[in-house]
Amino acid sequence: MTAIATLRGVSKTYQKGKERVDVLHELDLDIPEGDFIAVMGPSGSGKTTLLNLLGGLDKPTVGTVTVGGAELSSMSNNQLSRWRSNNVGFIFQFYNLLPVLTAQKNVELPLLLTNFGGAERAKRAQIALDIVGLADRATHHPRELSGGQEQRVAIARAIVSDPTLLLCDEPTGDLDRDTADEILKLLQTLNREHGKTIVMVTHDAQAAEYANRTLHCDKGTLETREAA
Amino acid sequence: MRLLNQIVAVTVLNLRNLPKRLGSSLVAILGVAAVVVVFAAVLSMANGFERTLLSAGSDDTAIIMRSGATSELSSGVSAQQVQIIETSPGVLRDGDTALVSAELYVVVDVKKKATNEDANVPFRGVELGAFDVRRNIDIVQGRVFEPGKNEFVVGRAAQQEFVGLDVGETIRFGQTEWTVVGVFEAGGSVAESELWTDVRVLQAAYRRGNSYQSVRVRLESEESLAILEQTLADDPRINVDVVSERAYYASQAEQTTGLIRGLGYPLMILMSIGAVFGALNSMYSSISVRGKEIATLRAIGFGPFAVLVSTVVESTLLALIGGLIGAAAAFIAFNGFQASTLGASFSQVVFDFAVTPDLLMQGLQAALVIGVVGGLFPAIRAARLPVAQALREL
Amino acid sequence: MKYLGLIWHSVWRKKIRTSLTILSVFVAFLLFALLSAVGFAFRGGEDVADAERLIVLEKVSIINPLPSSYQARIQAVPGVEAVTHANWFGGYYQEPRNSQFAQFPVRPYEYFTLYPELQMPEEQLRAWANNREGAVVGSQMAEALGWEVGDRIPITATIFPKTDGSMTWEFDIEGIFASDDPRGVTNFMLFDYEYFDEARAHSRGQVGWYILRVEDGADPVAIANAIDRQFENSPAETDTSTEAAFAASFAAQFGNIALIVSLILGAVFFTLLLVSGNTMSQSVRERISELAVLKTVGFEDSTVLGIVLSESVLIMLLGGLLGLGTGWLLIQSGGLLPGLYLPASTILLALAFMIGAGVLAGLFPALKAMRLSIIDALAVRA
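In order, the protein sequences belong to chains H, R and Z. For the first sequence, position 191 (counting from the first letter as 1) is numbered 191 according to the working numbering, and the numbering increases by one without interruption. For the second sequence, position 211 (counting from the first letter as 1) is numbered 211 according to the working numbering, and the numbering increases by one without interruption. For the third sequence, position 89 (counting from the first letter as 1) is numbered 89 according to the working numbering, and the numbering increases by one without interruption.
Hints listed in this document are in silico derivations from the structure and should not be mistaken for laboratory results. Please read these numbers as outputs of a predicted model, since none were measured by experiment. Heads up, the beta-carbon is just placed ideally off N, CA and C, and yes, glycines get one too. Treat each hint with caution, since some may be false.
Said to hold, decoys possible - Label pairs and their calculated CB-CB ranges: (1) Asp301(Z) to Glu144(H): 27 to 37 Å; (2) Gln255(R) to Asp301(Z): 51 to 61 Å; (3) Gln255(R) to Gly266(Z): 42 to 52 Å.
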């Protein structure tokens, strides 16, 4: 399997007051295309920073991040914006939907950055909603949806521009067990049937079991454990 | 008493919260301040104009003009008619001399300092007796004009408002060169907008023969007006209108002040509505910021009425602060501000803006109304806030 | 344009707040429309004045008359195409209060040649010229007073008694004229100078001012100077200026009123900027995480800036167009003050103000949104 994402010698340091905090330290990592990886570890262990680096939201202090052949660490902010809209989908713990837009319009957001016309955007949003099983909720506003439904809309938004990489930050952190399982199954389906590469940060060991393997993040280093 | 305590407690809590909502509170305050400033500006202009004209008028002085004339400019009185008036009953006499002043009123172009554009400045020809007929004329600089010479005295206001009217300067009207020899004050009245010279000189310069435009008469008493009016009405040799000086200037003021007020009041109402929107906005955002706090208070037993009153108190307080700022700004900026405009006699009237305490009180009252109205609806909403829901949501 | 939906929905995020802001903007632009129309009226329609038309006044004061003998001498100045004269009559109808309209004794044919913008049927002009006691009135005035052709109306003079001492002049209305310019003011009445001059008790042979038109291509300034030179050192010297310059200088006599109007508008717009700027910054503060999401999915910084600015401009346009439209309707209906007019330049200026104020009010919130760090913004929520 070829690696969709490669980190080489990546360190990330934050200045917190007078103190320097090493979040990631000389990290080397290959993420094979089509993989589903869970990243676990205590708070402050650098899980989210890793995700931000992979998504081009943040740049490493030292080292290189290459995703899908693109060298992210050398790109400008605007280049990164354009790159993100085509290549990655983000899924957040708190869904982060725009409350003023309907489910379908929320899903359409990333398509506004393409040259698709209104009809084409609507069609693609419908397909994405169909994949997450919410085709019948297209005209609802976020406040009219349950937490699980909101997260499905967020997933639809993440996949609508057909990126190869999905980055999930505690996607089930705010959901009950049963709903969480449904969401995780959905992610699994996206991985297995639609070929999405997924990197998921989680606190929840049960959630991690849905992944192919789990990376343990601690004090800036990683340790891999294959799924059972 | 318990209710009062509650209200005080909630209000204090509200106000403590104020710094967190500085932006929208400031907007509400400044909105009200702007209303009061504009209110004061417009009405002090009307007040000042009116005061300038009305202070020129007394009840025991009459103005006599040709019948039908609406201002001195459009009137005409012959020398013979002046003699008839001088011998009529009701006219006050000082020994043998009747206190009567026959005057000529023309308009000359002088540049305004503010715009450097020509303005119609009234140029009045009088006899020296005019200073006795009008009691409040004081020469404050230089001297009075000498009869028969091309010189004039200038009213204090005109001297300040127009170009080239300082004592010692010469100014050319047509082919005649005039010298400014003195400055007079007239108790801030409209006479201070005028230039005064010897009526004979002016008659000659303007080829008016021996004719006049108006006659001012000191009356024996206020009641003498009717006697004089009747006498002149019965005399076939003369066709004139007799009005008291006060009534004449009141009618002169009417049109301009009516216009200013007619435009000013609707303007005020519109702006106040705008300010109410600002206050409403501020109070709604205050409630949305304090939603949880209000709910907590309600949960531990504070009544909805206390919440309602405290919200109204807050908005009224903001409006009052705005009103005071506006009143102070208006007073500093406009009180005594000198302006001039074209009056009813087709000539300039120089006047000071008068920001009176009365006017400021009216402005503050408007601010209060804005505050109460702007606070009421948000207050009702705050009082009705469902406690359980508000606690859960935030 | 594809962002319009997003912008529209974001604008209505808080309905009450947005409505109140829009209403403030509405009030501001309603005021703007009304005050501009009043200001325009005060400027005495200087915008409609004709620069090719010259006005000859007595030099010392506009109230001093000129001899009627000047007409031939002005006509003789090279470059003068046509010349006529007018007087100020200063009368009123029924009540002195009704003196809002002016009456001018003029020479019928000459006057209408000099003022081609005044439209009146040819036969009415002829009928007027043939009736010594005839008069024609402007359509605005005829409408306001309910006058029709054939009415006989008394005008009370304030300056000019008739030779018999009577102050009442009666006229037959022979025609009603209108202006082909919608801004043109027609609340005045014209009657025959010949009749006026014969019937008045004093000041015969004197006219108020001359009006002349210069030939095509002639230099108005040179002609004005030539005319004034001709009458230099005579008992009645002249001051000739273009109609436009005269209107402007006359309007300046009202002086500070224009200043007050600008002052009020300044206060109104200052407050307006505060209100809408506050709304926009509240709005941005509330949805920092949403804006971060937009950036996460790939919206560029400049796009986010543009979206927030557009929201602010949209709020201004919604309220502003509504206010301007309402003002326009009120002015057109003539319900406030008859004869008010909203010039096109004011409408354009208002549109520029809306966009300018929108950009200004939205600028700081928009910059804040643009500079937002995605990581920090998302962390706020987590």
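Which earlier hints turn out false for this structure, listed by number in ascending order? 3
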